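So the protein sequences, as listed, match chains R and X. All you need for our numbering is the position in the first sequence, starting with 1, plus 792. All you need for our numbering is the position in the second sequence, starting with 1, plus 99.
Hint data in this document are derived by calculation from the structure and do not stem from the laboratory. All of these numbers come straight from a predicted model, not from anything done at the bench. It is possible that part of the hints are untrue.
The list that follows gives simulated cross-link-like pairs (lysine to any residue, SDA-like), each with its CA atoms no further than 20 Å apart [what the hints assert, rightly or not]:
| # | chain 1 | residue 1 | chain 2 | residue 2 |
| --- | --- | --- | --- | --- |
| 1 | R | Lys856 | X | Lys252 |
| 2 | R | Lys856 | X | Ala318 |
| 3 | X | Lys558 | X | Val530 |
| 4 | R | Lys856 | R | Thr875 |
| 5 | X | Lys252 | X | Gly186 |
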Amino acid sequence: MTFAPKAVLLLAVLGLAACNNPDKYGAGNGVVDPGGMYGDNGVSQGSINDPNSPAYFNQAIGDKVLFQVDQSTINPEARTILTGQAQWLVNHPQYAAIIEGHADEQGTREYNLALGARRASAVQEFLISQGVAGNRLRTVSYGKERPLAVCSTEDCYAQNRRAVTVISLGAGS
Amino acid sequence: MIQASFGQIFAAVQADVMRRDAETGYKGPRPERGIASMMRIALAALAALMIGPAMAQAQQGPLRIEITDGVIEPLPYALPTFVAETGDAGQMASDITRVIAADLSGTGLFREIPESAHIQRFGAFDMPVSYPDWQAINAQALIVGGVSMQGGKVVVKFRLFDIYSGQQLGDGQQLAASPASWRRLAHKVADVIYSRVTGESGYFDSRVVFVSETGPKDARQKRLAVADYDGANIQYLTDSSTIVLAPRFSPDGGRVLYTTFETGFPRIKMLDTRNVAATLLPEIPGTMTFAPRFSPDGGSIVYSMEQGGNTDLWTMGVNGGSPSRLTNSPAIETAPSYSPDGSRIVFESDRSGTQQLYIMSAGGGEPTRISFGEGRYGTPVWSPRGDLIAFTKQHAGRFHIGVMRTDGSEERLLTASFLDEGPTWSPNGRVIMFTRESPGAAGGAQLFSVDISGRNLKKVDGVGAASDPAWSPLLP
Numbered sequence: 793m794t795f796a797p798k799a800v801l802l803l804a805v806l807g808l809a810a811c812n813n814p815d816k817y818g819a820g821n822g823v824v825d826p827g828g829m830y831g832d833n834g835v836s837q838g839s840i841n842d843p844n845s846p847a848y849f850n851q852a853i854g855d856k857v858l859f860q861v862d863q864s865t866i867n868p869e870a871r872t873i874l875t876g877q878a879q880w881l882v883n884h885p886q887y888a889a890i891i892e893g894h895a896d897e898q899g900t901r902e903y904n905l906a907l908g909a910r911r912a913s914a915v916q917e918f919l920i921s922q923g924v925a926g927n928r929l930r931t932v933s934y935g936k937e938r939p940l941a942v943c944s945t946e947d948c949y950a951q952n953r954r955a956v957t958v959i960s961l962g963a964g965s
Numbered sequence: 100m101i102q103a104s105f106g107q108i109f110a111a112v113q114a115d116v117m118r119r120d121a122e123t124g125y126k127g128p129r130p131e132r133g134i135a136s137m138m139r140i141a142l143a144a145l146a147a148l149m150i151g152p153a154m155a156q157a158q159q160g161p162l163r164i165e166i167t168d169g170v171i172e173p174l175p176y177a178l179p180t181f182v183a184e185t186g187d188a189g190q191m192a193s194d195i196t197r198v199i200a201a202d203l204s205g206t207g208l209f210r211e212i213p214e215s216a217h218i219q220r221f222g223a224f225d226m227p228v229s230y231p232d233w234q235a236i237n238a239q240a241l242i243v244g245g246v247s248m249q250g251g252k253v254v255v256k257f258r259l260f261d262i263y264s265g266q267q268l269g270d271g272q273q274l275a276a277s278p279a280s281w282r283r284l285a286h287k288v289a290d291v292i293y294s295r296v297t298g299e300s301g302y303f304d305s306r307v308v309f310v311s312e313t314g315p316k317d318a319r320q321k322r323l324a325v326a327d328y329d330g331a332n333i334q335y336l337t338d339s340s341t342i343v344l345a346p347r348f349s350p351d352g353g354r355v356l357y358t359t360f361e362t363g364f365p366r367i368k369m370l371d372t373r374n375v376a377a378t379l380l381p382e383i384p385g386t387m388t389f390a391p392r393f394s395p396d397g398g399s400i401v402y403s404m405e406q407g408g409n410t411d412l413w414t415m416g417v418n419g420g421s422p423s424r425l426t427n428s429p430a431i432e433t434a435p436s437y438s439p440d441g442s443r444i445v446f447e448s449d450r451s452g453t454q455q456l457y458i459m460s461a462g463g464g465e466p467t468r469i470s471f472g473e474g475r476y477g478t479p480v481w482s483p484r485g486d487l488i489a490f491t492k493q494h495a496g497r498f499h500i501g502v503m504r505t506d507g508s509e510e511r512l513l514t515a516s517f518l519d520e521g522p523t524w525s526p527n528g529r530v531i532m533f534t535r536e537s538p539g540a541a542g543g544a545q546l547f548s549v550d551i552s553g554r555n556l557k558k559v560d561g562v563g564a565a566s567d568p569a570w571s572p573l574l575p
């Protein structure tokens, strides 16, 4: 038995072009941080004491509503908050909104994306039913990717099963 | 075309043929009752076990899966450090030997006899095997190899011996590679040995694409990465400026589909592994798209599209063409996966009220529900052999990775934890890799693997915090 060398080449791993171009993955797509919880979304927040400010919307009216496990039903408490949101949006047509749907971590990734979309859509439909023009509202789902509370008990899960209405500058502003 | 598409990420193998003893006239005996047939019997027992008594207990919790009746005694093998045949090959010989051992022992099917116990010492690759010396330490298999540096290449040759029958098993082989690809050489040697002993193809010379994670739980940074199946040679494919989810290889490994939030909304992107260039797939405005997966011929993809809060399954060609609807229900339909022959799609739907698994024709039509156990079932993935479907099961506050037949029978849970999800199959359908996440504020995701018998559960080292693994095909 002899082994005559015959070319079996495993080529070297060539240099990778990945990750040298952060701009490639940055914003610049017309949507400024739709995960508005991480910034002011390009919108001046103003004072909570000013009823015309996004800060008032976020904190005095409430920018988020909560859901039961695996549900997207608008409960009475959420209904009150969303009614306030709708009135504010109707009275402040210079603003638009992106509604973020979220899920707790007790679910698979893909399903939670779909579930978050259901929740965001439920909020959107409610706001529209209260007179907000549909073209001012857009929905996005983060699934379980952006929890608000990080413990792994029902206390936190309840806070994470949410839809957040993020005020943005409208087309007419 | 296929080989070219493996490109840079895959350290293309311009494989001619591996030089075999057969080409030099060797006509070695083929033992009838040697280690290969023994291991085949053992694997068959393992398969039989899957449909045995353990089934009845699966519903009570995976930790009670009883496999004691069928526990396979790992096959003891000896792997003397490969002989350095040139003066500069010593370190390489040692490194390659250790990777081969890690591959084999890492399966749980083989157990290495430490070199300190060896009696015969190989000063040269061609030394005759002294079978009594190996029988004396109860070795069943012996792997002898040599490594040399020739013209800037690493050259490895090896032979496998069946100690009980006193014969060589299969031909000797020789492979060469650039020094940078030395780990692939070792994986290829291990694949040959695994294949000869088990009668099945191996899975060591393969890669895994996944999501690398950093940062706190409420602001997790995610980026795509690819590594060898054993966690070595990690490379990043995107930066972490936006959320990326659930990458999936094309059948030839040349492309990766994934979901990105770079536009602010979930959208599907396709990345070419040759140049790491990625392009967004077309979408219907105002929708979200996610959970993509290639068809077995690589020509089309199936995915979820959300419109107005409702998520259905759609398909489209990878090179454009208008999306075509596959399901039309007010329920959530997601996580689709093709059968290996491309004729059917398994997916999850909550049309019954909870997440369950369904199979339909690849062209759509009325689906058949296949999951009927307690709890919720998601992320089904068809095995490359076609016979099993791996899934995530959620029940009584726990998550499990499990497998069932394609008709839903013979469900078996392989794992249990706070959060296990997202199975992916090894190229030979023998091992499942998945995401395991630990609870709490300090919790994080890691990659784990388990074989389809539920044995050999272990963490994939070397990749750090990671999720959403997808296994490549065996590299050429």
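Holds or violated: Lys252(X) to Gly186(X), with C-alpha atoms at most 20 Å apart: holds (14 Å)
Hint consistency between Lys856(R) and Thr875(R) [alpha-carbon to alpha-carbon, up to 20 Å]: At roughly 12 Å apart (the allowed maximum being 20 Å), Thr875(R) and Lys856(R) satisfy the hint.
Hint consistency between Lys856(R) and Ala318(X) [alpha-carbon to alpha-carbon, up to 20 Å]: The given pair, whose Cα atoms are some 18 Å apart, holds under the 20 Å limit.
Hinted pair Lys558(X) and Val530(X), Cα distance within 20 Å: holds (13 Å)
Pairwise hint evaluation, Lys252(X) against Lys856(R), where the allowed Cα distance is 20 Å at most: Distance ~62 Å between Lys856(R) and Lys252(X) Cα, so the pair is violated.
The structure does not agree with numbered hint 1 stated previously, though it agrees with all others.
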